[in-house]
Amino acid sequence: MGSPEEPPLTSQQAESFLSTLRRSVEVVQELLQATAHQDERIRSLDAELDSARARIAFLERETTQLRERLSTGIAPISMQQIEDLIEEQNAFAHMFVTSDRLARARSPGEALQIAVEVMHNLVGAHRFGIWLRWDDVAPQMVAPPDPRYQIEPGRHRALLERALATGEISRDDGADDDAVPVALPLVLDGAAVGALVIDGLVPQVGTRMGRLQDDLSRFLIDRLPLTLCAAAQHVARGGDRAAWDLVRVHVAPVPAPAAEKTP
Amino acid sequence: MTATRRALVIEDSPTMRQLITLALRRIPGLSFVEAADGAQALEHLEHDRFDVVLLDLNMPVMNGFAFLEAMVAAHPPEARPPVIVVSTESGRGDVQRATALGVVEYVTKPVRGPDLAAAVNRVLAARA
Chain R
1 MGSPEEPPLT SQQAESFLST LRRSVEVVQE LLQATAHQDE RIRSLDAELD
51 SARARIAFLE RETTQLRERL STGIAPISMQ QIEDLIEEQN AFAHMFVTSD
101 RLARARSPGE ALQIAVEVMH NLVGAHRFGI WLRWDDVAPQ MVAPPDPRYQ
151 IEPGRHRALL ERALATGEIS RDDGADDDAV PVALPLVLDG AAVGALVIDG
201 LVPQVGTRMG RLQDDLSRFL IDRLPLTLCA AAQHVARGGD RAAWDLVRVH
251 VAPVPAPAAE KTP
Chain X
264 MTATRRALVI EDSPTMRQLI TLALRRIPGL SFVEAADGAQ ALEHLEHDRF
314 DVVLLDLNMP VMNGFAFLEA MVAAHPPEAR PPVIVVSTES GRGDVQRATA
364 LGVVEYVTKP VRGPDLAAAV NRVLAARA
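Residue numbers (the working numbering), protein chains in the order written: chain R, 1 to 263; chain X, 264 to 391.
Calculated directly from the structure, the hints in this document are not laboratory data.
Possibly wrong hints are sitting among the right ones.
A few chain R residues that face chain X, going by a derived Cβ cut-off under 10 angstroms, partial list only [as the list claims (entries may be wrong)]: (1) L45; (2) A93; (3) I114; (4) E117; (5) V123; (6) G210.
Quick reminder that beta carbons are idealized off the backbone N, C-alpha and C, glycines included.
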């Protein structure tokens with residue numbers, strides 16, 4: 001049995017078929033274009049993702065480096081610089097205590113006792129002597145009182161006399177700037193009124209003046225003459241109470257503030 | 264809140280006592296009692312408890328070694344505070360004698376503040 005013969009398409013039907021076919025082709029083309037656009041978009045997103053990953057890796061490296069620098073904390077500072085800072089702070093603490101103690105001296109004897117404590121305990125001088133002189137009196141050793149720490153009579157006499165004559169720090173000819181023995185002048189109004197002679201340091205300091213020894217000895221000879229003068233005046237005036245009465249002579253009340261003008 | 268710890272500073276030089284307390288002032292909760300010689304220090308030990316003692320050796324009235332011997336004789340080990348010697352004497356004989364009497368740290372003068380503070384911190388940490 002044969003299939004019945006299909007009737008021929010009308011022109012209207014043919015036109016409709018062709019239209020549908022064209023539309024299908026357009027849809028396929030649109031889908032292909034959309035797919036291509038999506039592919040491009042995905043490639044773009046992949047590139048952005050790679051860029052973001054690279055940025056994260058860079059930030060992680062930076063963070064690691066910063067963390068390492070922070071964990072060491074002192075990377076830019078050398079151990080020598082830290083040691084120098086400690087030495088400086090230590091010297092300041094010693095000078096502060098020396099200054100504060102000298103400022104509290106109420107008699108020349110107390111001032112000399114403080115100077116001895118500073119030389120023995122803070123500087124580390126093992127044997128030393130403090131000489132004072134006046135116009136009509138030859139230089140005489142006035143400290144330390146303990147014979148164990150006194151410099152032997154006549155020892156380093158030339159250094160003592162040179163320091164008194166020149167008002168300059170005096171060492172043996174050709175000796176280094178940190179060498180011991182050394183004579184340091186006590187200067188008042190431009191003239192040497194005494195000297196501190198260091199003969200030897202305690203073993204743990206060594207045979208040369210370190211930074212602390214040098215700083216503190218110079219600080220002490222700078223302050224001691226004025227401290228002795230102030231302490232002597234204090235005694236002469238009858239102590240703190242009498243001095244306090246003198247303060248009244250030298251101070252005056254400040255003027256009261258003018259009353260504000262009312263507008 | 265930081266616990267209060269007490270240090271007994273036995274030193275005949277007021278200048279040195281001031282330097283020691285200045286060097287240790289940053290240790291949290293540490294307060295100071297001062298004595299000018301061993302005899303004064305023994306009186307303090309009779310009445311007070313201390314977490315650390317800083318002891319000079321060369322002192323009038325009663326020197327550091329006499330103080331150590333008296334403290335050992337009068338107090339059982341558990342009642343004795345740890346002692347740090349702070350002295351100009353650096354000879355081996357002095358160090359050995361002090362160690363034999365129970366001294367736990369030996370610091371020589373001139374002191375460096377940070378070194379002294381480190382010694383005190385070690386002693387306080389061991390006692391905590």
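So, going through the hints one by one against the coordinates:
The beta carbon of L45 of chain R is not positioned within 10 angstroms of any beta carbon in chain X (closest approach about 58 angstroms), and the interface hint is therefore violated. At its closest, the beta carbon of A93 of chain R sits 5 angstroms from a beta carbon of chain X; the interface hint therefore holds under the 10 angstroms criterion. Hint status for I114 of chain R: holds, given a least beta-carbon distance of 6 angstroms to chain X, under 10 angstroms. A least Cβ separation of about 4 angstroms between E117 of chain R and chain X falls short of the 10 angstroms threshold, and the interface hint therefore holds.
Evaluation of the V123 of chain R hint against chain X yields a held restraint, the C-beta minimum of about 7 angstroms falling below 10 angstroms. Here the hint on G210 of chain R is kept, as its CB sits about 9 angstroms from the closest CB of chain X, short of 10 angstroms.
In this structure, the one hint that does not hold is number 1.
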